[in-house]
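Undergrad: Please build the complex by placing chain B on the supplied structure of chain A, with the hints as guidance.
This is what each chain is made of:
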Amino acid sequence: MRRDRNRWLAATAIAFFVFLYLPIAVLILFSFNDSKRNFLWRGFTLKWYPTLFANDALIQALTVSLQVAVISVVVATVLGTLLGLGIARLRSGAAGGASDMLLLLPMVTPEIVMGVSLLLFFAQLFDGHGSIWQISIAHVTFSISYVAIIVRARAVSLDPRVEEAARDLGASPFGAFLHVTLPLVAPAVAAGALIAFALSIDDLIVTTFNAGVGSSTLPLYIYSRIRFGVTPEINAISTIVVAVTAVAMLVAWRAGAFGGRRARSGILG
Amino acid sequence: MAVGAAATPTPPSVTNSEGDAAFASARPTPDDVRMADREGSRPEIVLSRLTKRYGDVCAVDDVSLEISHGEFFSLLGPSGCGKTTTLRMIGGFESPTTGTIEVAGRDVTRDPPERRPVNMVFQSYALFPHLNVFDNVAFGLRRSHVAREEVRERVAAVLALVRMEGYDRRRPDQLSGGQQQRIALARALVNRPTVLLLDEPLGALDLKLRKQLQLELKRIQQEVGITFVYVTHDQEEALTLSDRIAVMRAGKVEQLGTPETLYDSPASRFVADFIGTTNLLAGVVETVTDDDATIELVGGERCHAVAGTLAAGAAVDVSVRPEVVEILGRDGGAADIPAAFPAGDGPPGGALDGTVEQVAYLGTSVSYIVRTRGGVAVAALVPRTVGRFPAGAQVTVGWRRADALVLARAAAEEEARP
Chain A
28 MRRDRNRWLA ATAIAFFVFL YLPIAVLILF SFNDSKRNFL WRGFTLKWYP
78 TLFANDALIQ ALTVSLQVAV ISVVVATVLG TLLGLGIARL RSGAAGGASD
128 MLLLLPMVTP EIVMGVSLLL FFAQLFDGHG SIWQISIAHV TFSISYVAII
178 VRARAVSLDP RVEEAARDLG ASPFGAFLHV TLPLVAPAVA AGALIAFALS
228 IDDLIVTTFN AGVGSSTLPL YIYSRIRFGV TPEINAISTI VVAVTAVAML
278 VAWRAGAFGG RRARSGILG
Chain B
3 MAVGAAATPT PPSVTNSEGD AAFASARPTP DDVRMADREG SRPEIVLSRL
53 TKRYGDVCAV DDVSLEISHG EFFSLLGPSG CGKTTTLRMI GGFESPTTGT
103 IEVAGRDVTR DPPERRPVNM VFQSYALFPH LNVFDNVAFG LRRSHVAREE
153 VRERVAAVLA LVRMEGYDRR RPDQLSGGQQ QRIALARALV NRPTVLLLDE
203 PLGALDLKLR KQLQLELKRI QQEVGITFVY VTHDQEEALT LSDRIAVMRA
253 GKVEQLGTPE TLYDSPASRF VADFIGTTNL LAGVVETVTD DDATIELVGG
303 ERCHAVAGTL AAGAAVDVSV RPEVVEILGR DGGAADIPAA FPAGDGPPGG
353 ALDGTVEQVA YLGTSVSYIV RTRGGVAVAA LVPRTVGRFP AGAQVTVGWR
403 RADALVLARA AAEEEARP
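Residue numbers (this note's numbering), protein chains in the order written: chain A, 28 to 296; chain B, 3 to 420.
Excised from the complex, chain A in its bound form (with noise of 0.2 Å):
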């Protein structure tokens, strides 16, 4: 008995996974096609990956992509952080309850909705028509409640005695933080900070409301690519970008971000 349900249990796992996987997977493969065509397999070609950098386009909206993705980063991850640390020390009660639900909102609220909201939020207040800083600052603002609960989570399993004991020892304030709080929340900070960035790259949603002309990111580009058709160069694109979310988020989990492994030390790993 034990061993039928355990091998229905693995079953629906590797079902799951390749349901999940296997589009991602094909998408991969035919980024080595060596065929205009996306069905069929001619045999093994790394001729896309060059002409991608040919491509003034494509180097165009990677630019801006990083650029959103540089900004919308560091704001996220410094506001973040001030936020996770500040919520950490309410602890309980009616406003730790409120400043939870505060936080867990823009995460859950439907990017088709913000996406929205700040357009006519932007468009009406400042008259703005999308640029590269109207996207960043509608990035930081769904990615920013990721690094906060980040921080927070690690932040709250800080002994407070140990901050006092820095200031016991002569540091100011503000020295009791940069010595001791900040280095003591520096993975999740890291953790934050690379979700932020993996946030960032693949959004498509929000962008598009808040993108003009000129701004287009990776992700619009290739969405406005796909009407004409999947070539195989959407699908080393597409390959990159997965590499470099996967790679992102790999060495958030390194860092302790979802509570799977706590660094030890303040630094990562």
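None of these hints come from the bench; they were simulated from the model. Each hint can be trusted.
Stretches of chain B that chain A covers, calculated by requiring three or more beta carbons in the stretch to come under 8 Å of a beta carbon on chain A:
| # | stretch |
| --- | --- |
| 1 | 108-116 |
| 2 | 127-134 |
| 3 | 139-151 |
Computed from a prediction, not measured in an experiment: that's the story for all the values here. Glycine residues also receive a C-beta, built at the ideal position from the N, C-alpha and C atoms.
TA: Chain B only, in chain A's frame:
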């Protein structure tokens, strides 16, 4: 406790009217808790009418204390008595609702922790987990920009003082509890504070290690010669280590004195019960003749005590330490008590007949609980060289009059707080 003239700041309300000068010196100040036993010593810490309220709860209630330079001073009391809050206010981690704190002659009441000449050893050690032992200990020195070479020397010296040489590169999580404790102590001492504050530093350690570290703490305190303020709920620890102890209860100082004073002449039932173990026999003063008071215990039996200020009719507790109680076997007859029982100088205090209820063999001594005829349970701790009595044996317990201490029962104490 006498009031030291040099160490007593005269209350301003009195100095205003010059005619009251003589009266002022004669009248006990409201905070009659000063250190005057040590001549010429200046107070290192002065707490004046310190109060801390959290909403309706008064954690520390109008505490005034003076602690001398070089003193090992303990705040002792059950949990929730305000001892840790008092310590944290001295350290600067809580700000008092009212009252002032002076350290080394300077008012530090509103100073943040980093600007006070005190350092703290936390109960949880609070070592920095991301730094190794050396960097932990050097933390305070680096904050005050001590030169690199001097940092190295001072850290090495303090690690030698706490006997942790060679552990520089270890991380806190690679150390045992006792070792972490030593590092926490070194990290505080290396800054050469005027006062070292210790918040139940040995609370998390097992008994044997605690005993060993108690001796080391005492040695270190004598070597560095700075003032220690020590918070503990362990009365034995406080008695072992302290020069003076303030017994706290419900935010107030119940009694202040040397370990001997607290043990031999507790001022209240609470202190008598909290410091060591004692028999507290409830009764009423029946008659007073000269210096002898006859007390009728609850069960109807009588005993004697030094009268002092007692008056007939007062409700009292007679405190008798188990180790002064003597025990004598009776083979059925009640009349064969020798005249010299209990042995020793001075008149006898009490001799009660009863039955052994419990016997516990404690190695060098034997502990008995004897139920007297009047129904009172009396604990006795006798050397094992005295004969042994089994449970159920008919015995007489007795003590000398001078060994019994009579504690007047305050009206409020009738409804003894838990």
